[in-house]
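2 protein chains.
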Amino acid sequence: MKQKKINIAIVGLGNVGSNLYKHLIKNKKNIQKKTNVDIVIKYVSAKNRSKKRKIFIPKNKWLNNYLDASKNPKIDLVIELIGGSDGPAKKLVFNSIKNKKHVVTANKALISKYGDELSKLAEKNRVNLEFEAAVAGGIPIIRSIKEGLITNKINKIYGVLNGTSNYILSKMSNSDNNFEEVLNDAKKLGYAESNPSNDISGEDSKSKIQILSALSFNSFINREHINVEGIKNIDKHDIKNAKTLGYTIKHLAIAELKKNKLIQRVHPCFVSRGSYISKINGVLNAVIIEGKPIGKFTIQGEGAGPGPTTSALVSDICSILRGKIKLPFSIPNKNRKKIKSTGIDQETYSSYIRLDVTDKTGVLSQITKTLSKNKISVKRLIQNPFKSKKFSSIIIISHKAKNSNLIKTINELSKKNFIINKPKFFRIEEI
Amino acid sequence: MKQKKINIAIVGLGNVGSNLYKHLIKNKKNIQKKTNVDIVIKYVSAKNRSKKRKIFIPKNKWLNNYLDASKNPKIDLVIELIGGSDGPAKKLVFNSIKNKKHVVTANKALISKYGDELSKLAEKNRVNLEFEAAVAGGIPIIRSIKEGLITNKINKIYGVLNGTSNYILSKMSNSDNNFEEVLNDAKKLGYAESNPSNDISGEDSKSKIQILSALSFNSFINREHINVEGIKNIDKHDIKNAKTLGYTIKHLAIAELKKNKLIQRVHPCFVSRGSYISKINGVLNAVIIEGKPIGKFTIQGEGAGPGPTTSALVSDICSILRGKIKLPFSIPNKNRKKIKSTGIDQETYSSYIRLDVTDKTGVLSQITKTLSKNKISVKRLIQNPFKSKKFSSIIIISHKAKNSNLIKTINELSKKNFIINKPKFFRIEEI
Chain G
172 MKQKKINIAI VGLGNVGSNL YKHLIKNKKN IQKKTNVDIV IKYVSAKNRS KKRKIFIPKN
232 KWLNNYLDAS KNPKIDLVIE LIGGSDGPAK KLVFNSIKNK KHVVTANKAL ISKYGDELSK
292 LAEKNRVNLE FEAAVAGGIP IIRSIKEGLI TNKINKIYGV LNGTSNYILS KMSNSDNNFE
352 EVLNDAKKLG YAESNPSNDI SGEDSKSKIQ ILSALSFNSF INREHINVEG IKNIDKHDIK
412 NAKTLGYTIK HLAIAELKKN KLIQRVHPCF VSRGSYISKI NGVLNAVIIE GKPIGKFTIQ
472 GEGAGPGPTT SALVSDICSI LRGKIKLPFS IPNKNRKKIK STGIDQETYS SYIRLDVTDK
532 TGVLSQITKT LSKNKISVKR LIQNPFKSKK FSSIIIISHK AKNSNLIKTI NELSKKNFII
592 NKPKFFRIEE I
Chain X
172 MKQKKINIAI VGLGNVGSNL YKHLIKNKKN IQKKTNVDIV IKYVSAKNRS KKRKIFIPKN
232 KWLNNYLDAS KNPKIDLVIE LIGGSDGPAK KLVFNSIKNK KHVVTANKAL ISKYGDELSK
292 LAEKNRVNLE FEAAVAGGIP IIRSIKEGLI TNKINKIYGV LNGTSNYILS KMSNSDNNFE
352 EVLNDAKKLG YAESNPSNDI SGEDSKSKIQ ILSALSFNSF INREHINVEG IKNIDKHDIK
412 NAKTLGYTIK HLAIAELKKN KLIQRVHPCF VSRGSYISKI NGVLNAVIIE GKPIGKFTIQ
472 GEGAGPGPTT SALVSDICSI LRGKIKLPFS IPNKNRKKIK STGIDQETYS SYIRLDVTDK
532 TGVLSQITKT LSKNKISVKR LIQNPFKSKK FSSIIIISHK AKNSNLIKTI NELSKKNFII
592 NKPKFFRIEE I
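Chains G and X are the protein sequences, given in the same order. Be aware that the first sequence starts at 172, since it is given in this note's numbering, and climbs by one per residue. Be aware that the second sequence starts at 172, since it is given in this note's numbering, and climbs by one per residue.
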């Protein structure tokens, strides 16, 4: 077979971009063997050219303007590592595909927002758009759904999709530290970005589950009705209570089909301490798929960092090098469904409710009255006095109840004058 | 894009073959959407044509002779589900590839024995030979190594690869039953074949780890020096002792590179009860890969059964339908290495040793003398009297020692006149 040559441009040279650069240089021959293609890093671009990097980049490889990567006729494949759903990343990827260049990106925000448009454009222009690195770091979850599980009828996909949140929760669970303390440590250690708001708030997991959902259910990306809650409200007492009650708190992203409607949600969950997902600690990510005929399928690995992300990027690059255009979402856009979705209002959940109250007569009676009025029945109730003795913490495990009723109850209770802290409410997930 | 058509033949219509037949008929349109190919089951063949099956097969689809599948010019792709490393399966697959037909097989015995020859033949004839279903049921482990982890430098791959053995060990662990009782139950429930000797002896796991090893290390299949032990020797007392000591017994297959030499082994292992692998229960399979840059990567799912196997077969079929010949072992055969291997004689392991002895003076002293002579140092020793009081069980957890010394010690001890049952010896695996 005659060997081909492909010219690529890497745009964005942070930790991931630099690591990819090094890996591609080092594995040039390896890639040749596996794809029969000679890969050449023709150009690079970065916001800050003079930033200190551990790689040597010859001067003639630098583009004057990052957008030249999408225009330069010598470039076949553009690797976008800028990040962000809009701005330069959006411009670069749209223009590259318009100019019939293949694109590999690790940008979940971009794909979850513009993935459908980009997919149509890529299909029209017969180029590849690959984004394995956008979800779950090095774990080949997208490739597994598109190829390994092809023709499976998936009805649920869920998991731990954000390494930072998971690292913080794991650390809180193994220490007596509170959220802010652990977050500060995580920043120092490089497990959280200096601005981790997208990770903490659940926005990052939301983008990821939307992408997985579209792939799993052969649908367009659905951005409606998605319930997103972050981990900020979890404090060390909740962590401790969860343990005492036999649970672990995990921040999960879940997408499932129920009566042909899509339900997507991202929120902290109480999961049984014996469950598989409760053992996914630190920066690990895990994705679980329930489908037919495969049954239950699980995939786990490091969810972020230069190494794992490089692994995913290279799998995308090599998939393109091997030729044969693959559609970004596996099937032609005309065959993708516009799936109906619904919120979680009518869904039922068991839940953990924590009420910090002033310790006086009649409080318990008022609480149970509110619960009962809203059709919340109590499975377990524990009252623990504070050290000061004037206050106490009431922990309730509820039986399954409608989400709307649970929220209404919490809102009503939070207005009571005996409540001294914002009530805590977390759903219990039976997985 | 113009739609293509492909004619396939399914040879072997047991549980898996019948399930695949049904699935392909049901998913014809689905497959068309994802591959742009119209898949037609042109012919089928089975040893016993009149066997009761839950599928309807039109008369004109039956081949008179199974080998016709490899000769009939109308057939593009042959699916071999006969099983066995030699005999009809071998004939069918070799002839099909010789006649330039693509082949999909679930046959680990065949691939581990003739995979290299077949791979060369397939490369020469420019046809696909795919065998995702041969290892770990529905888990897309082969695809993950070949594509998802492409260019990763893997240094270790291991896991639970035999559902029957794992089911038996899990059941023994959850009951007070012995090996034979559990095996009989497993047969009744369909979790063990009527002749499960390949599963129980480790032969099945051996074939699988050899295949994974060749894929992970870009080498030819290595059949030398491989240490294989089955699960027959594990009795309920060992299971119970393991529990007491904080371990679970798992039957693992392990391949790793140490100082550029390949070490492959299949044997029961004591693993820490907190470890990930200790939770892989029932018919589950799991594979763990350690590599760079991915880090530690884990994949888990049902290891056998018609559903998962069909999922894997269809992923192979669709990969072929999508076109572009992929090499069976990912790289051209000329680039595959002949990797050097070594046995485990010089490797060191901690171990569990159980000695059932007559309870008389001097026994312990003779045992410790034998251990010390062979440089085995004791980390923990527990002596439990039998109910009858005349005998007792001595359990030793040894520090790390050379495998050859451990084996020598066991052999020497087994000849002592105070030993009443064959001594038990299992390695402790720190994973």
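Keep in mind that the hints were calculated from the coordinates and are not lab data. Any given hint could be a false lead.
Treat identical chains as interchangeable: a pair holds within one or across any two.
[Unchecked claim] Below, in silico cross-link-like pairs of lysine to any residue (SDA-like), each with a Cα-Cα straight-line distance of 25 Å or less:
1) K561 - S446
2) K467 - E583
3) K291 - Q203
4) K284 - F388
5) K324 - K463
6) K199 - E461
For each hint, the structure was consulted:
1. For a Cα distance limit of 25 Å, the shortest separation of K561 from S446 qualifies neither inside one copy, at 37 Å, nor across copies, at 44 Å.
2. For the identical chains of this complex, K467 and E583 are neighbours neither inside a copy (40 Å) nor across copies (47 Å), given an alpha-carbon limit of 25 Å.
3. For the homomeric pair K291 and Q203, the shortest alpha-carbon distance between copies (19 Å) is at most 25 Å, but the shortest distance inside one copy (30 Å) is not.
4. For the identical chains of this complex, K284 and F388 are intra-copy neighbours only, at 17 Å inside a copy versus 39 Å across copies, given an alpha-carbon limit of 25 Å.
5. Taking the shortest alpha-carbon separations for K324 and K463, only the intra-copy value of 5 Å comes in at or below 25 Å, while the best inter-copy value is 33 Å.
6. Proximity of K199 and E461 under a CA criterion of 25 Å is satisfied inter-copy only: 22 Å between copies versus 38 Å inside one chain copy.
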